[in-house]
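Asker: Protein chains in written order, with this note's numbering: chain A, 1 to 123; chain X, 1001 to 1796; chain D, 2001 to 2281.
Please note: incorrect hints may appear among the correct ones.
Said to hold, decoys possible - Simulated restraints, written as ranges between beta carbons of each label pair: (1) X:D1737 x D:N2102: 25 to 35 Å; (2) D:E2269 x X:E1490: 32 to 42 Å; (3) A:N56 x D:M2107: 33 to 43 Å; (4) X:K1353 x D:M2107: 56 to 66 Å; (5) D:M2107 x X:E1490: 50 to 60 Å; (6) X:R1449 x A:N94: 50 to 60 Å; (7) A:M1 x D:M2107: 25 to 35 Å; (8) X:E1789 x D:M2067: 55 to 65 Å; (9) X:G1401 x D:D2108: 42 to 52 Å; (10) D:P2097 x A:N56: 51 to 61 Å.
Derived from the structure by calculation, the hints contain no laboratory data. Treat the numbers as computed from the prediction; the structure is a model and nothing was measured. From the three backbone atoms N, C-alpha and C, an ideal C-beta is built for every residue, glycine too.
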Amino acid sequence: MFRGLPQTVYELSGKNPYLCIQCGICSGSCPMIKDMDVPPHQVIRMIQLDMPEVLNCKTIWVCASCNTCSVRCPRDIDPARMINVLRTIVQRKNIYPVDLRRVKGLGDLPQIALISASRKLTG
Amino acid sequence: MANDVRIGVYVCHCGGNISNVVKISEVLKAISGVDGVVLVRDNEHVCSEAGQREIREDIKRYNLNRVIIAACSPKFHGPTFMKLLEDSGLNPYLFEMVNIREQDSWVHSNDPDGATRRAIDQIMAAIGKVKLNEPLEAREVKVGNRVMVIGAGIAGIQAALDLADSGCKVYLVEREPTIGGRMAQLSYTFPTDDCSLCILSPKMAAVYNHPNITLLTYSEVEDVSGSVGDFHVKVKVKPRYVDMSKCVACGICASKCPASAPDEFNYGLRSRRAIYVPHEMAVPYKYLIDPKSCLYLTKGICRVCERVCPQKAINFDDKERILDIVVDAIIVATGYEPFDATKLKQYGYGVYKNVIIAPQLERMVMPVGPTGGKVIRLSDGQIARKIAFIHCVGSRDEQIGRPGCSRVCCMYTIKQAMTLKRQDVTRDITLFYIDIRAYGKGFEEYYMRAQDLGVKFVRGKVSEVIEDPVSGRLIVRAEDTLTGRFIEDEFDLVVLSVGLVPSRGTEDLAKKLKLNIGPDGFLLEAHPKYRPVDTLREGVFICGCAQGPKDIADSVAQASAAAGRTLRLISQGRILIEPIKAYVIDESCNGCGICVDKCPLGAISMVDGKAHISEALCVGCGSCIPYCPRGAIELKHYSEKQILSQIEGALKSKRDGEIRVIAFFDDSCTYRAADLAGTSRLTYDSRVRVITVPSASRLTPKIILSAFKYGADGVFIGDCLEGASPYHPKVLDVINDVIREARSQMRKYRIDARRLKFDTIAVDMAERLVKDLGDLISIVEKLGPLSVEDRGRIKV
Amino acid sequence: MYYPGCSVKDYAKSYEDSAIAVLKLFDVELVELDRWNCCGVVYEYSADAVMQHVAPLRDLIRAQEFMGRVGDNRLITLCSMCYSTLKKVNEIVTSDPEKLDNLSKYMDDEPRYNCGVDVKHVLEIILDDNIIGFKRVRGAVKRDLSKLKVAPFYSCSLLRPRGIGIDDPEDPHILSDLISSLGAKPIKFPYEKRCCGSYNVVYDRSMVERTVGEIVRAAGRWGADMIITACPLCHYNLNIVRNKFNIPTLYFTELMAYAMGLDEKLSQETLSIFKSKIGGG
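Pulled out of the complex, with its shape left as it was, chain A reads as follows:
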């Protein structure tokens, strides 16, 4: 139906990024917003505008998949899902932002932290 990044995101997430009306409630709800370089609503906008540089932003790794945006999105496009899909697209290119071997103090962390981190941040 579309071309380029919007089409890929549409296929992988099952939601149409063009339905986003940029209301900003996802960004307004995001607990990690202060650590993001591009607010979630702008990430979706960049998908709409087929801007591949969105794959380089810090936001998609900071997102904790807490789904607060998804339960509030008035167009029900599940922004968390879309951001995760962008993450998957990057991971499938074998690009990971974190090398877990370099992280200090791994032994003190709960297992769940390690596992979820390795799943989300690496391939």
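Given chain A's structure and the hints, the job is docking chains X and D onto it.
Answerer: Frame of chain A; chains X and D shown alone:
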């Protein structure tokens, strides 16, 4: 029947428009001598005065009892000729008009032989049908000028006044103890900033004093039966426990009443006594007792009001009364209510005292309101200095199933912001919005004035409101999408711009009146563009917010429109009920009841174990027909036999090896598109034979397969776009069911399913229709004509 | 049937210990699956994800095999993240047989999953009146916790997304109700449904310190003595700032155990936390 049918066939040259392509002499030759045809004539202009006179004389001289006219589109002169028959003493339904201009000569100009054969076949089809046509009478129903208006908000009031001023007898039924609806609860109205009650009160007084209006307040519609011209409505008048004829509204009772309840008129911002008058400008201005909070009516004690009332107006023996009212037409104006913001817990309404909804702010702003006109924090009574407004609460939100926009909130929020600014220009006011919808006359200018006054606008939907437990201030979180900055700001007061939802009880009332409801819960109009205040039920109209959110100006416009439509309906003193309706063949009906739910208008019910179709409610679409397992439902003038005879007639001349496509067009959309193809001089293959039906939902798998059996190699079905059918919005569902079943049967008989094609066509989609027909012909050519064995396999 | 998951066997052992002990009081036995693997957290959103769903699906099959021995098709988890992942995958394969087919292809050594397992979080068991219910909880309380002010902290996985979460994402109340039924004072506060920052703690601790700092500070501002949670990762993250605000975070089952006098199941540290928060300070 063949013996006593005497058909006269008239073929028009149309001044060369037809005769330049279609060989008239061949047509005349082919038709003469057909069984039942007594007379065949041609004429340059059948519609001319001379042409019409000739027909009139022929009918008398030759004792004709059926007439066929092969000429232009029946959409053009159909009514003319029907009237001609009537004037000549013949029933106008003993007539068929064959379109050999727009749908023959004008579209097959490159194929005169084909055009001629098509003309002959279409006339043969008409001959087959007209033999089976029966005289039908439009039933005349006397209508008077009694109208019931349900709901006495501004829309109901306006409709009632328009009707009453025109001489109608109006029953205005209002559920609340006072009329005026939501408009009475508003402060000022945009974009003029009129005081709402000031412009409403004169109309309320006019209603109260109008000799033609019977005002029934504190009353509800219990039951509705009957049909246009004869609606029987049961109205329940609730007991006030105060004799209205004695009460002078002195108020002594209320001053002594010990019981209280939240004041609904002020959205709970203050309380009222159990005996009360709804508000200072109530009409009728009489007291009443609330049975839920009155100590006597709930616990059997007190009765102080009775003792102190100087007029002895209190009557605890008051009972509800049921009135039986007969009216000719009904207008529904039941309005809206504000969205219940407690459903959106993240905004804290109902939990945090200083989060209020916009309707409450309307009341606060009024000098006679619950806070004396002061906009205060409800927690500590301090004047609010820094206020946030949150747009789209309960609208444009898929999460709560309300995706629609409520239309007026942007404007009322701007209005409220300006009101607060004018009270104190140092106030800090911010509106958090998604879009600003200022679409109407003077609206954009109003928005500019607000900006000019210093009202701040932040484009970002608020994610949540938190009340700090220590400071008591409200924290609002939103993203300013235009700068990408996250905002976390403290406010004294947060106002939620709640959307409009249908009034409580709309669904129940719709069931009682057998009206359709849209996906948003509002009453559904007959057609959104050209019948915005009609419903699919004849004699019932809707207006105001009952039909959808809108402002006062639009409500008033719709109210007058509904009154106008009502007057149009009843102005002749009689209305004609079209005779083309579905009916049940009792002997074939086995009482299974499947059809009852299939009629979207609720026209079918079970009576004495058999299905019965109400003539008043039936619109003649035939959607019920395909679902009857016994084939026990028929459609007048378009019976199965009539359609099959048309198919037969159209295919009779087919020779071996030739290809034919039978095309079923719905009468409203596809047929008109086909006419448009003609006026646009598009061309398509002449091997198409058209049969018209009111709605394609009347077709059955049997009819479709019969077409193949009788000689068709392809079948096309065309009907209106989704939701556009003038009959009802769900015809497509029926047609899809029929086509699915037909295709399944075709597969069973090893007939390629691609030979059946269906498309939705709007009146202006002539090119699309021509392409569809062309595509089908190509498929049929590629697959080849069906063989005798193929047709032999089909069992109908 | 009981699915433990990775953390409760090590970091969050106290969660498991207290949970099993508390449930035993009500005659509910958690029978651990004899074989289980990592639940495969976190759920992968991509429509074509295959490998990421294999691990949780294997667990469901393990549960399917174990069902007969226990006579019950409910798979209980303690860790909210495990709950969320297993439940989501369960829904996906149940509603989309094609997807199940596809995944099964990658596990031809496994029996086919026939969608008979019901994934539940332990809280659902506790609040279900047919199994335990808050009334029975109230009845089992031995200590007076009326002076204890406890803030509930749900985790994202318990509340979201809609349909998977076990409570209203905007206004949850299960933990508040639980706290009330234990006799303590629930401190409902708007940050109870916030995200703690999750796995970001692995590579940027300061980021998580900030997010949980907001949450725990708010808990204090709203008057809480302590926070209870149902997720090991939230537990870890929230406790990063416990000393800064003097508000420790415990598992809700530890609170239950303390209320019901099961001191032997709690660590010394935990017991001293309670003692210091109630009665005098």
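Asker: Now, for every hint given, state plainly whether the structure supports it.
Answerer: Okay, the hints, checked on the actual structure:
1. X:D1737 x D:N2102: 25 to 35 Å: Holds: the Cβ-Cβ distance is about 33 Å, inside 25 to 35 Å.
2. D:E2269 x X:E1490: 32 to 42 Å: 39 Å, holds
3. A:N56 x D:M2107: 33 to 43 Å: The hint (33 to 43 Å, Cβ to Cβ) holds, given that A:N56 and D:M2107 are roughly 36 Å apart.
4. X:K1353 x D:M2107: 56 to 66 Å: 57 Å, holds
5. D:M2107 x X:E1490: 50 to 60 Å: 55 Å, holds
6. X:R1449 x A:N94: 50 to 60 Å: 58 Å, holds
7. A:M1 x D:M2107: 25 to 35 Å: Once the Cβ atoms are compared, 33 Å apart, the range 25 to 35 Å for D:M2107 and A:M1 holds.
8. X:E1789 x D:M2067: 55 to 65 Å: 57 Å, holds
9. X:G1401 x D:D2108: 42 to 52 Å: 43 Å, holds
10. D:P2097 x A:N56: 51 to 61 Å: 38 Å, violated
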